[in-house]
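> Sequence:
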Amino acid sequence: MKNSRLDLWLVPTIVFAIFCGVLFALIAFAFKDPGSNFQETGEKRPATPTELRKALEQHMR
1 MKNSRLDLWL VPTIVFAIFC GVLFALIAFA FKDPGSNFQE TGEKRPATPT ELRKALEQHM
61 R
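In this text, residue positions in the sequence shown follow this note's numbering: the first is 1, and each later residue adds one.
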């Protein structure tokens with residue numbers, strides 16, 4: 001009986017700790033890459049369709 005009471009809080013705690021660890025690793029990986037979309041580079045982003053088209057053409061070259 002004592003063993004089942006231990007599992008009642010231990011298993012969800014371990015699962016939650018693993019979930020938090022994986023979530024932290026994914027967030028750290030997303031922000032680690034300098035070319036990531038999640039990083040603010042400070043440069044002006046194209047807003048009009050013409051600017052977007054020009055930026056895409058430059059990127060494709």
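No wet-lab data here; the hints were simulated from the structure.
If you're wondering where the values come from, they're calculated on a predicted model, not measured in any experiment.
Possibly wrong hints are sitting among the right ones.
[As the list claims (entries may be wrong)] Computed spacing ranges between beta-carbons, pair by pair:
#1 Phe29 - Trp9: 25 to 35 Å
#2 Leu56 - Cys20: 37 to 47 Å
#3 Ala55 - Ile18: 15 to 25 Å
#4 Gly21 - Leu52: 16 to 26 Å
#5 Ala55 - Ile27: 50 to 60 Å
#6 Ala28 - Pro49: 55 to 65 Å
#7 Arg61 - Ile27: 39 to 49 Å
#8 Asp7 - Thr48: 26 to 36 Å
Where a beta carbon is used, it is the ideal one built from N, C-alpha and C, also for glycine.
> Determine for every hint whether it applies to the structure shown.
For each hint, the structure was consulted:
1. Phe29 - Trp9: 25 to 35 Å: 31 Å, holds
2. Leu56 - Cys20: 37 to 47 Å: 38 Å, holds
3. Ala55 - Ile18: 15 to 25 Å: Given a distance of about 41 Å, which is not inside 15 to 25 Å, the answer is violated.
4. Gly21 - Leu52: 16 to 26 Å: 39 Å, violated
5. Ala55 - Ile27: 50 to 60 Å: Hint violated: Cβ distance 28 Å, outside 50 to 60 Å.
6. Ala28 - Pro49: 55 to 65 Å: 35 Å, violated
7. Arg61 - Ile27: 39 to 49 Å: Since the Cβ atoms of Arg61 and Ile27 sit about 33 Å apart, the hinted range of 39 to 49 Å is violated.
8. Asp7 - Thr48: 26 to 36 Å: About 60 Å separates the Cβ atoms of Asp7 and Thr48, which means 26 to 36 Å is violated.
Hint violations for this structure: numbers 3, 4, 5, 6, 7 and 8, all remaining hints satisfied.
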